[in-house]
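**Student:** These protein sequence lines are chains A and B, in that order. Count the first sequence with our numbering and you get residues 1 to 148, in order. Count the second sequence with our numbering and you get residues 1 to 671, in order.
If a hint is listed, it holds; no wrong ones were tucked in.
Covered stretches of chain A (in silico footprint by chain B; criterion: 3 or more residues with CB under 8 Å from a CB of chain B, positions within the stretch not fixed): (1) 21–31; (2) 46–59; (3) 65–79.
Don't read these hints as lab results, they were simulated from the structure. Cβ atoms here follow ideal geometry from the backbone N, Cα and C, with glycine treated the same way.
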Amino acid sequence: MDKESNLRETVAISKSNRVLINDFQSYDILGFSLASTTDIFLLAMSMGINDPKPLNRRDPYSRTSYFDTRDKALLETPSLARVSSDDEINEKANLEACLDSCEQYAESGFQKLNEEINSANWDREIFERRMMKQLDLLFTQYVENDLD
Amino acid sequence: MEIRIEQIQFNNYRQYGTGVLLLNATGEYSLTALVARNGTGKTTLLNAITWCLYEKEFQLSAAEDALPEINSALITKEHEGEVIDVSVVLIVVDNKKTVEFKRSKPFKINGYGDNFSCVPGTAKFTAAVTEGEGLENTGVFIDEEADVLAKKYFDIAIHNFYFFDGEKLGEFFNVGRTKDIKTSIFNISQVTLLEKAKNHAESMRYNLSRKMSKDSPELDALLQERQQLSDRIQLNESVRDGCLEQISKQEDLIRKCDKSLKEYRPVQKLQEERIEKETILDELDKQEAKLISNRSVFIRRNIMLLNLYPHMKRVLEIIAQKEDEGELPPSIDPVLIKRVLELHEKTCPFCNGEITENSVQHLNQLLHQFSVTSAASNNLKEIKSSLEEFVEEAKGYKVKKEEFTDLLADIDSKKYKIKQRLEEISNLLSNFNESGADIVSSLEAKRKEAIESCNAENQSLGAAKEQISQSQRRLNIVEDEIRKIEDKKKEFSSIQAQIKVLDMLSSGFEKIKDNIMNVMKAEISSTTWDIFKSMIWKQNTFGEIKIDDDYIVSVYDKDGRRMTGSLGATEQMALAYAFTLAIHEASGKNCPLVIDSPLGRSSDDNRDNIAKALLEISKEKQIVLLFTPAEYSESVQNIYNGKANVEFLSLTEDEKHIKEVMVNGQGIKLT
Chain A
1 MDKESNLRET VAISKSNRVL INDFQSYDIL GFSLASTTDI FLLAMSMGIN
51 DPKPLNRRDP YSRTSYFDTR DKALLETPSL ARVSSDDEIN EKANLEACLD
101 SCEQYAESGF QKLNEEINSA NWDREIFERR MMKQLDLLFT QYVENDLD
Chain B
1 MEIRIEQIQF NNYRQYGTGV LLLNATGEYS LTALVARNGT GKTTLLNAIT
51 WCLYEKEFQL SAAEDALPEI NSALITKEHE GEVIDVSVVL IVVDNKKTVE
101 FKRSKPFKIN GYGDNFSCVP GTAKFTAAVT EGEGLENTGV FIDEEADVLA
151 KKYFDIAIHN FYFFDGEKLG EFFNVGRTKD IKTSIFNISQ VTLLEKAKNH
201 AESMRYNLSR KMSKDSPELD ALLQERQQLS DRIQLNESVR DGCLEQISKQ
251 EDLIRKCDKS LKEYRPVQKL QEERIEKETI LDELDKQEAK LISNRSVFIR
301 RNIMLLNLYP HMKRVLEIIA QKEDEGELPP SIDPVLIKRV LELHEKTCPF
351 CNGEITENSV QHLNQLLHQF SVTSAASNNL KEIKSSLEEF VEEAKGYKVK
401 KEEFTDLLAD IDSKKYKIKQ RLEEISNLLS NFNESGADIV SSLEAKRKEA
451 IESCNAENQS LGAAKEQISQ SQRRLNIVED EIRKIEDKKK EFSSIQAQIK
501 VLDMLSSGFE KIKDNIMNVM KAEISSTTWD IFKSMIWKQN TFGEIKIDDD
551 YIVSVYDKDG RRMTGSLGAT EQMALAYAFT LAIHEASGKN CPLVIDSPLG
601 RSSDDNRDNI AKALLEISKE KQIVLLFTPA EYSESVQNIY NGKANVEFLS
651 LTEDEKHIKE VMVNGQGIKL T
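Chain B extracted, bound-state conformation (with noise of 0.2 Å):
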């Protein structure tokens, strides 16, 4: 069941003054299309959703120079001294529920031009909400209470996914936006709970053991140091996503500058080849790397066969001896034999024949002959060969280990010469200085900078992994330390026993929380891919969309290559659609979606192919879209046409209202 906003209604709200917006379509699709020049209301629109919800307006430009909410033609004189409310109210439905989320802030006017105030602790968030028909059956909440249930609706966490401009869903995942994304996904998941749980057991398990640590100082002086190494891993984990955002950022901006290079003819040829070099190194350094674990393989297995070689080969000694004495295999177990002479057995179990005094005499002199016994024998045969083996396999280490140390050298004096050619390379776009061309030096400068940034972050990112490896090593000892010292206070075996319950309890909730998070990933991932193969023309380029374990989104094409930095602009909007759109499924909740441009850097089939893609999801759930005239095109009216409320937007003559446009029982209508 899809979750509707069916009003939105302004009172003194900037250009829509005071007005309702009707949006309860009827029809099979549930897409209104509002088409309006710039300035005219299309992202102002959005604002007064995410205003009246999270008191944020995150499409303004510039939020400290914004003007305020107040329409302002009612700074004026004539209204001097009065107190104006200002409010938006967003009128939800879900199912037989309907929710009126309003936003109130009254302004008081002082004077004309910027005199004016917002009135201090007036400002109010209610959330009334009617089950069925009837005002007795509704309930009000206030502020936070408002806020819980804004939450449960539009997560301020993922606003983004259900208010924005698809003029910025190009940068969408490019711009360091994989915190966002694990965010969404751990906001969809709805582990929050089981996090705080997690949390709360820990903080109870430290105060019991702080508890238990009174007597003992050692123990004390632990529980600190586990302490401080939690808060430096916290800070070191928080310094590695930064580290990773600014490295996603530094990699969008040389990718921008060697598409702009690559597009400028004079050195298209230059910027080409050092393309072709750079996956050359790429393709290296991945060779470099995998020789590298074979070798460490190589190392480790040689470790083991070198310590073992003198025993290996003086058990192969002891068995080449008892070969050449004839007694592997023995013809008779003497194990056997013991057991005759032991029990007087009256009868041969070999011959059959009589035991005399003589024949005891022979088994006698057998039993020192065959002093090994079958088990014994059978176990060192079985064991020979795959000693020779490895003891063959050790000779090998020196020649082996020289094929290695060849190959690490080929492969980094391949590497030498094309870092040098790329050096050139770099030099002469830094010198290009042919006439009106200076754009190319300055592509270049940038370009490096975000290298040189990019090695910088790489260079604290790894100082960050290293703090925290070195500090969850310590972390580990201190644990076994802390669970030592506890185990021999037996005199504490409740509060041991509360310790054991909060300790299970905090990695289940972890465990649980983990595997939502993975199930949710993989399931996002699939959905994504679905809708995003709806979207794009291209039909037998792209085989796969994966999230991996540090929430990159990323396109593979049939081959199985990376190819998220090869797509077009339009073909990264269809991903960052696909991916809203999976979130929203995952998410559980229909929410509607608002999007301000949704065609914006769109365009040819790519274009339409995202028009009717949008349209046919309006079938399920409530799309509003925000157009220029220019992007509500001829081949886009054709698919709207009939199928979708379309209506267009102006300005009144002193550009200060909106006009009001009524089709249909749909649009605009001012009071």
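The shape of chain A in the complex, shown without the other chains (with noise of 0.2 Å):
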């Protein structure tokens, strides 16, 4: 049986985290402005990649449909980074699998968001580039050493 047929119809968030995203969307931090669902429920997910926590009130998000090839990668990749086994490559390589916990993995993401932009004051220049500074610490520790 092919289980994407399967897939759900949408990504769900909690309810709350709506008006975050309008205020993003307003202050248009991040280029949220412009930005589509997927790109910050992706966004959101990356953030909270390593802490999941459990959705309040859920309100859906994104349709599954809207997602790419290449956004399905990014889908997959915490929980296929995670296998242990034969099996749970079996389980995981499937979108729908992911995506419980893509969805916890996003809620975690947003409370972050939340608090660095309100220790930033909501002032668009200082939240980024604290951003910034956080990536060069990602790059050095992740990316660096894997440079020719």
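Combine the two chains into a complex, taking the hints into account.
**Tutor:** What follows is the structure, given as structure tokens:
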């Protein structure tokens, strides 16, 4: 049976995150004003990848059909990276099987975004500068050694 | 069907004394031109109309020092002790209906000179509406009811779109008029009722919530906070609007100083250089904003890529390992092998041979070897190349980041140099001391002051906007909290249901209002553009007219550049006329236009174009133009002769009355 045909219609976020997303959009922080729902979901998911959190009042956010092949690779990545057996590979190499976790990572990511922007007092410049510093650290930690 | 002013009757009113101005034109064009020297009664006519309708004379230069409405010839010894009635009657014809607006105000003459007074409590405003003919069909409305009727025809909120001074049209869009324009569109869209309904629904909702909050102090505190936040937002919105108006005024002043400096030959080159540098600075600001915006997207993308980087690497390792083991793709699907073994099939689906005990052993070995299913294998193959690309992109983070930093630094350095040169130019102009050229330093000082003021207003504007956003954010959170508490209070389900309906109504009203306003704005923009094109002689310069979200009316050239600030005086006037007429059209009421000095600031071809356009418009709409003799030039006369009804007004010897003038049953008839 093609498991993809059982793919849910939407991915959800907690209802309270709508306010945060709207504010990010109206301030155009991180280019949110022109970002798609899939971009926003993937960003939040990546930020919460180490600390999944359950959703509070589920609110459908983005249609799964809006995710393209490249997005699907990113959505499956967190679950596939954690497999420890072939059975788990067979289970997780499938988008539907990864989406529950993705929603929980995104929930955690939204909470982090909220904390970061509040600590920057909703100042876009301060927030983005801090984000760049974090990116520099991540780059040094994960990528620098891989460069030729 | 047009709405016409047929007559204006005066009773002891200013220099019009007692008489009637007949405007019942019958030709193809419904245009009346009254030509009079300044001080003869042109502006007084405009004031008579607005006094009658609104008890206000908007065109008085200093209302507090102005003489009262009574004709000054009546303030004499011989009238001492008399009560004299002053009134103006406006007879308006709307299809088969005649509306007679009358404002009267009795004055008591106590003696010669300034010794007169209005008789308290006796001023009156009436509107008599007659449908068809005969007194039995007449209904009379008094005071507030008459005000309602006057508002229906000539809403005071947009009076300056019906009765105005053409000489002031040049400033129509420059001097912080956005609020007026927003109000006009608001009124014309007739969304006031929606606004009231929304406010009413919100107030009902608030009361219901208060009722629910009696048992919950937490909810009560939240409701109070919500009210405070709403008040704060409203207050800051009015600060924001005030700042926008001030900024617009100061920008207008800067433009005027720039223009004057550019016209003064000794500093012309410096001023031209300044304008050029400022244009470059603007362009650099735009580039910088775009770059910062692109950098924001870059940061967002890299937050995603770098956070996922170790995970993507791990997945690629798993895929590589499986590939090395020859499992991607598997030559035999383990799902199929499992099924053969579980169902104890007798024939092998792969080779069609009989399945023996040895075969079962072999299949078990295969199952161990090919543990990844075809579906999983295909999936991993599919994501592999995407992940490889993402990993490569993440590796480019540092280089790309440096590119952004370099580009921004480059712009910054260019901006710094330009700002330095602009400072030098400003100093040169401030200290310009050629004999008789104090005007330069004075203009430069004014300009500097306007820029400083503009900067200060911009800071206040930013602070007000920030306050609005902060309050709005907190309001969203508070509303969410309130909703949560209200949701929990199941026992209040009936009140909850009512609150929900009121919420829906309130947001529905708001949405409908916004939609109507937007449609109306688009319609007015498009009509303004059509009329503007017909009034100007340049046909290859202008490309479009837009009314933006802040209700600023702007003209764009063919290349999409905003050029409202570069319009000549006549073009500004044409824009104002076009906008006014568009407002009329959008209002759905074909009301008359009464314009004092209609061509005041225009010249040459554009003057004739505007005169012609007004004549053309008078085929559909009554227009009354109040000219000075100089303004009513030969070329305008040639356009209007034989088509418009033209009358020349003058004063009597004692300069206290207008002389009677009647031509073809039209004009001023004194009684």
